[in-house]
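Student: Listed below, chain by chain, are the residues.
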Amino acid sequence: MVKVENLTKTYDKGSIKALKNINLSVEKGELFGLIGPDGAGKTSLFRILTSLLIPDSGTAQIMNYDCVKDYKEIRKITGYMPGKFSLYQDLSVEENLTFFASVFGTSVEENYYLIKDIYTQIEPFKKRLAGKLSGGMKQKLALSCALIHKPEILILDEPTTGVDAVSRKEFWDMLKKLKKEGITILVSTPYMDEASLCDRIALIQNGEILSVNEPQNIINQFNRKLFAIRASNMYQLMQDLKRFENLNTVFLFGQFVHFTSNNREILESDIYSFLELNNHSDIFIQEIEPTIEDCFMEFAKVENSFEKH
Amino acid sequence: MEKVIIVKNLVKKFESFVANDNLTFDVFRGEIFGFLGANGAGKTTAMKILCGLSQPTSGELSVAGFDVYKQQDKIKANIGYMSQKFSLYEDLTVFENIQFYAGIYGLSNKEIDERALKLIEKLGMQAMRKKLVASLPLGWRQKLSFSIAIIHKPQIVFLDEPTGGVDPITRRQFWDLIYEAANDGITIFVTTHYMDEAEYCNRVSIMVDGRIEALDSPLNLKKQFNAENMNDVFIQLARKSKNKE
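For the protein sequence lines, the chains are A and B, in the order given.
According to the numbering used here, numbering within the first sequence proceeds without interruption in unit steps and concludes at 309.
According to the numbering used here, numbering within the second sequence proceeds without interruption in unit steps and concludes at 245.
Source of the hints: derived by calculation from the structure; they are not laboratory data.
Any given hint might turn out to be false.
Computed list of lysine to aspartate or glutamate pairs in EDC-like fashion (alpha-carbon distance at most 20 angstroms, straight line) [what the hints assert, rightly or not]:
| hint | chain 1 | residue 1 | chain 2 | residue 2 |
| --- | --- | --- | --- | --- |
| 1 | B | K222 | A | E27 |
| 2 | B | K131 | A | D117 |
| 3 | B | K223 | B | D209 |
| 4 | A | K301 | B | D176 |
| 5 | A | K169 | B | E228 |
| 6 | A | K176 | A | D117 |
| 7 | A | K177 | A | E27 |
| 8 | A | K225 | A | E287 |
| 9 | A | K132 | B | E228 |
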């Protein structure tokens with residue numbers, strides 16, 4: 001469905017490398033997540049795929065259409081929701097939707113079934129100007145407008161950024177329903193916990209892809225013992241663990257600290273005795289399965305150390 | 001414990017809309033206080049009042065020992081503020097930003113130089129000191145922005161979604177800075193959409209439709225709502241709201 005080969009994009013006469021020789025493919029019907037922080041290159045990639053930006057070198061194709069040469073075809077088959085709200089603020093909800101339908105040579109009625117679930121939630125406000133909507137409603141309208149021409153692929157740039165946990169969950173439920181309609185979905189997010197909701201994910205940082213796989217396979221690639229640790233004084237716990245012999249990483253992680261060692265044979269009891277020696281109380285240590293966020297940090301770290309060598 | 005923020009029956013109305021509906025809570029000196037809520041729950045409104053930028057409709061409030069009706073200027077001098085949306089001047093260098101903010105807060109030239117050097121060294125930004133802030137990666141910018149927000153050693157620092165979009169490693173380095181500041185006695189008042197960060201707070205309040213529906217330590221909240229983590233607590237509470245827009 002999507003094929004990206006050796007794609008490179010730079011800005012400012014080559015001084016900023018947004019994408020460094022990226023390779024990626026997305027299958028038809030997949031819900032594919034591009035996961036990485038601000039500045040990773042997510043938006044550059046999406047803008048090239050939607051024909052809004054021209055790469056320096058390499059190719060990007062959707063359904064065998066080239067994203068540069070065949071831009072007219074590309075625009076017909078893609079539905080794009082940019083990260084920044086980009087509808088007409090001084091048109092009403094209804095007018096925006098009708099406008100996008102007519103630009104694509106279709107009508108709201110023709111593909112209404114696709115947006116029905118989403119649009120009915122904002123329909124009571126269809127006369128309201130888009131600029132006057134709340135964040136959650138703007139998002140639903142933007143998604144409706146991106147879908148109204150029944151695209152083959154939906155490209156969503158950080159739809160859940162700055163959105164609260166409840167609205168985020170609702171949004172992902174909507175995506176799952178759209179996937180059932182056979183629409184391929186390519187979505188980017190800075191929230192690592194959303195990774196498990198995708199069929200496959202690519203972890204991206206500094207213009208490079210760290211890993212592409214099913215979420216569980218990425219977790220299986222993590223080849224160290226990971227410990228969740230808690231004690232009564234968390235700040236002191238962090239400070240002390242930073243001095244642990246053979247330390248690999250120690251990161252705050254919710255109510256725990258996540259700890260890995262360069263000693264792959266390390267035992268819970270080794271850590272326990274170290275903490276007791278440092279006068280910690282209420283010590284809790286458990287070996288756990290890593291999350292995608294643990295994997296991201298581990299891969300990002302390896303990547304960084306390569307750069308330095 | 002000493003109370004550094006006291007809020008009693010805070011009400012803020014915009015015409016007929018009640019953005020803050022009778023809020024009552026205290027924040028203690030040196031604690032990390034998480035101020036959570038769904039989009040539109042009224043967090044920003046309350047935070048603006050606490051920062052001395054907006055007046056309440058009614059209620060009794062004191063921040064850093066000053067009255068929010070009569071002593072807004074004193075409040076502003078005794079707090080720090082940073083947000084994700086606006087933090088530093090992009091067309092000034094790292095050093096100029098520090099000088100500018102420290103100057104605004106009335107530090108002497110000698111103090112400014114001392115603290116600027118210390119700050120740059122602590123963040124490991126020596127090589128970047130003459131670079132324009134616009135050229136810094138977001139993570140660096142946010143760490144710098146936080147350090148500048150506390151350069152005048154305020155009693156309280158307000159952080160409005162400070163880590164949005166920041167990569168996971170930098171996000172944690174940022175929380176290291178927060179812990180360190182709290183350890184130095186600065187009270188931290190923080191909003192976030194990352195529920196793992198809610199766990200880093202000493203206490204957390206959760207707002208729903210203008211009201212505080214829960215306030216306790218993360219551990220007690222999880223017990224109270226029989227939830228595995230703060231995300232579950234938040235979702236249980238915020239669902240109640242379901243949209244009266």
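Student: Holds or violated: are the alpha carbons of A/K169 and B/E228 at most 20 angstroms from each other?
Tutor: This hinted pair holds, its Cα atoms lying about 17 angstroms apart.
Student: Taking 20 angstroms as the top limit, are the C-alpha atoms of B/K131 and A/D117 close enough?
Tutor: 49 angstroms, violated
Student: Between A/K177 and A/E27, is the straight-line Cα distance small enough, at 20 angstroms or below?
Tutor: Roughly 18 angstroms between the alpha carbons, so the hint for A/K177 and A/E27 holds.
Student: Is the straight-line distance between the alpha-carbon of A/K301 and that of B/D176 20 angstroms or less?
Tutor: At roughly 18 angstroms apart (the allowed maximum being 20 angstroms), B/D176 and A/K301 satisfy the hint.
Student: Tell me if the straight-line CA distance from A/K132 to B/E228 falls inside 20 angstroms.
Tutor: 37 angstroms, violated
Student: Straight-line Cα separation of B/K223 and B/D209 no greater than 20 angstroms?
Tutor: 23 angstroms, violated
Student: Decide if the proposed pair is consistent with the structure: A/K225 and A/E287, CA atoms, cutoff 20 angstroms inclusive.
Tutor: 7 angstroms, holds
Student: Can you confirm whether the C-alpha distance between B/K222 and A/E27 stays at or below 20 angstroms?
Tutor: 40 angstroms, violated
Student: When you check the alpha-carbon spacing of A/K176 and A/D117, does it fall within 20 angstroms?
Tutor: 12 angstroms, holds
In the structure shown, a violation is registered for the earlier hints numbered 1, 2, 3 and 9, in ascending order.
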